[in-house]
Amino acid sequence: MKDVDFRDNETLDTFKYTDGNFLLTTIDDVIDWGRSNSIWPLTFATSCCGIEMMACGAPRHDFARFGIEVYRASPRQADVIVVAGTIVQKMAPVLKRLYDQMSEPKYVIAMGACAVSGGPFYYNNYHVIRGVDQVIPVDVYIPGCPPRPEALLYGVMQLQRKIKLATIMEAKKIGKR
Amino acid sequence: MDIDKLKEKVIALVPEAELEENKQFLTFFIPAGKFRDLASHLKNDGDLAFDYLFCLSGVDMIKFFMVVYHLRSTTHEHSIVLKVKAENRDNPEVPTICDIWRTAEFHEREAYDLLGIRFANHPDMRRIFLEESWVGYPLRKDYTDEVNIVEL
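These protein sequence lines map, in sequence, to chains A and S.
Just add 95 to wherever you are in the first sequence, counting from 1, and you've got this note's numbering.
Just add 7 to wherever you are in the second sequence, counting from 1, and you've got this note's numbering.
Because the hints were derived from the structure by calculation, they are not lab data.
Cβ atoms here follow ideal geometry from the backbone N, Cα and C, with glycine treated the same way.
Some, not all, of what chain A presents toward chain S, calculated at C-beta under 7 Å:
| no. | residue |
| --- | --- |
| 1 | Tyr-218 |
| 2 | Asn-219 |
| 3 | Tyr-221 |
Kindly generate the complete structure, drawing on both the sequences and the hints.
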């Protein structure tokens with residue numbers, strides 16, 4: 096990272112001046128840095144977007160590079176739920192329960208047309224939820240049917256930018272949403 | 008067994024069988040009363056040996072309902088399609104074949120769930136995908152739902 100890009104130059108100067116022995120920063124920066132670079136997703140996929148999500152975790156795209164790393168099989172250990180696929184009326188209560196079981200801070204990525212708006216199932220359909228935001232609050236929407244892995248990577252990076260804006264002073268506000 | 012021999016064999020078994028032309032598979036309309044006998048014969052006859060029911064679908068033809076059975080023999084590698092009509096639209100019913108091909112048990116429940124076709128003597132005739140509390144059969148052509156369906 097170039098000096099000019101680094102917003103907090105004073106911190107960087109102190110860091111250099113002491114040969115990397117001394118770092119001054121804010122708690123917010125440390126917490127946000129930690130949170131945004133260790134997002135653990137929940138193992139949750141309901142259809143074809145899930146295949147793209149798996150491709151994303153595989154070596155070619157490898158979103159571990161961005162810190163969204165270990166898939167957790169338990170919602171209690173997960174930070175983000177990537178809603179990858181169609182949510183039908185029968186699945187909606189399950190999704191809501193999974194979301195409720197996740198511990199704060201928790202984030203939601205709506206991946207693909209179905210999760211964003213119901214997508215191809217919007218019209219003449221009796222059982223598909225028209226957008227996952229009718230069930231749980233969504234942080235990042237990723238359009239596509241299904242989105243390319245690059246799109247999911249971009250969505251994850253957008254989520255990281257969003258997490259980096261969080262501050263402990265407004266922790267409660269973020270929790271309630 | 009080639010298609011011509013298969014055709015002769017089925018017509019010999021059920022003379023009322025109605026042949027449907029120009030289809031991918033050899034296709035017959037079978038009267039509901041004769042269907043179960045034919046089905047067990049198709050499975051147990053060594054020359055026919057249809058041991059694999061690879062698809063069972065319900066169809067709403069507006070005037071009547073229809074159940075379509077795709078059968079295949081894995082030993083002789085020939086296929087056949089049987090169609091059975093359920094004429095009574097208010098209470099469509101066809102005999103079950105899940106004691107002949109076990110896989111039909113879930114397929115018949117699906118047809119019942121989405122189209123409301125009842126299968127006589129099925130051991131567990133209840134919905135498979137939708138909740139038990141669901142009202143109506145959503146794949147019927149006359150199904151309407153003012154609340155959930157957005158018409159195009």
